[in-house]
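2 protein chains.
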Amino acid sequence: MPLPRPSSSCPRTSDLHQHLGDLLQTEKGADVVFEVGTQTFKAHRCVLAARSPVFSAELFCQMKESDAAAGGGIRIDDMEAHVFKALLTFVYTDSLPENLMSEDEQGVMCQHLLVAADRYNLERLKLICEHRLSKCIEASTLSTILALAEQHHCHGLKKACFNFLSSPVNLTAVLATDAFEYLNTTCPSVIKELLAKLGTR
Amino acid sequence: MPLPRPSSSCPRTSDLHQHLGDLLQTEKGADVVFEVGTQTFKAHRCVLAARSPVFSAELFCQMKESDAAAGGGIRIDDMEAHVFKALLTFVYTDSLPENLMSEDEQGVMCQHLLVAADRYNLERLKLICEHRLSKCIEASTLSTILALAEQHHCHGLKKACFNFLSSPVNLTAVLATDAFEYLNTTCPSVIKELLAKLGTR
Chain R
68 MPLPRPSSSC
78 PRTSDLHQHL
88 GDLLQTEKGA
98 DVVFEVGTQT
108 FKAHRCVLAA
118 RSPVFSAELF
128 CQMKESDAAA
138 GGGIRIDDME
148 AHVFKALLTF
158 VYTDSLPENL
168 MSEDEQGVMC
178 QHLLVAADRY
188 NLERLKLICE
198 HRLSKCIEAS
208 TLSTILALAE
218 QHHCHGLKKA
228 CFNFLSSPVN
238 LTAVLATDAF
248 EYLNTTCPSV
258 IKELLAKLGT
268 R
Chain D
68 MPLPRPSSSC
78 PRTSDLHQHL
88 GDLLQTEKGA
98 DVVFEVGTQT
108 FKAHRCVLAA
118 RSPVFSAELF
128 CQMKESDAAA
138 GGGIRIDDME
148 AHVFKALLTF
158 VYTDSLPENL
168 MSEDEQGVMC
178 QHLLVAADRY
188 NLERLKLICE
198 HRLSKCIEAS
208 TLSTILALAE
218 QHHCHGLKKA
228 CFNFLSSPVN
238 LTAVLATDAF
248 EYLNTTCPSV
258 IKELLAKLGT
268 R
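Protein chains in written order, with the working numbering: chain R, 68 to 268; chain D, 68 to 268.
Next up, chain R with everything else stripped away, as it sits in the complex (with noise of 0.2 angstroms):
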């Protein structure tokens, strides 16, 4: 007869993310309201202060309480709906939807999320974003995705654009869009040291 045999696999995976995505859609207890664009989102202070020192601050510390009492939304500028909507999401869940958008979008989607979670100090999403990012260089996106890892420190996908534009093919390539001029504008200071990287070979 067997001797009881225990499994030592441990009993299902965390369900933590799962509950708080379904706290983010059932919106009970919410206690904060953004207003993004012409949308609302209902969410919860503790949860967003515990995953970003910003929204910390802002709701915990600058926030007075009468403002809290009156109930009023906070607004968001400078950041379109689907885009904070996403967010929230990675907030509640520590990850984004695969299926939130087309292929094609999936890059200006990440270029905008970076920013946000620039904006927002989640680090860890910074990261995702940047990574991702790193798989769309390619001629016609590379001065974008330059000038936004100059601007918002993102030493791993700066080194990943240069990397692409030690190719004399690419960096030709790149030279001939418009968007090259749009970095050179905006980040000259990159142009130096792409320029003192080349020349020092």
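In short, the hints are calculated from the structure, not lab data. Cβ atoms here follow ideal geometry from the backbone N, Cα and C, with glycine treated the same way.
To give an idea of the interface, some chain R residues facing chain D are shown, with a C-beta separation under 10 angstroms as derived from the structure: (1) Asp89; (2) Thr93; (3) Cys113; (4) Arg118; (5) Arg191.
Anything over 12 angstroms on all C-beta distances counts as not near chain D; from chain R, calculated: (6) Arg186; (7) Thr244; (8) Asn251; (9) Thr253; (10) Leu262; (11) Ala263.
Place chain D on chain R using the hints.
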């Protein structure tokens, strides 16, 4: 010159558990207080409700707004403070601290936590406790664990207990314990089930 080769690994692992664990520690934005024994614990209603349908009902349906406004603590009876503390840790982090207790105490703690998990309908915590208790089954603990399994509908744990008792040596050892009398008194239906199993094999 190598072409850019972005890493395909995911940037860092999820930090949601750690962030919520910090939230529990710092008590930032806590809006509910529990009184357990002589200790008090501050927590966040939305997190508790997201994780446990029982907390959800107690904190958002049964609790009157006036109760919340009054700021009075919620009294938890029939549970020791260190068990409630471990329960809260699990609710926020989806894990139990490994160094919570000595190895000897783990079995007893898991018994208490299983009862607490059943009370608050924390299915995954209940499974983890079942899993750990199934490793603690021996002649001296069998009766208590089997009684718990029966009272809290833990089918896997009950099966592990019956497996243990299917060995004549183990059965004889268990029958010689005082705890078997306790099992016989509290769960007579289990004794009948065991007799039926032994009689038909």
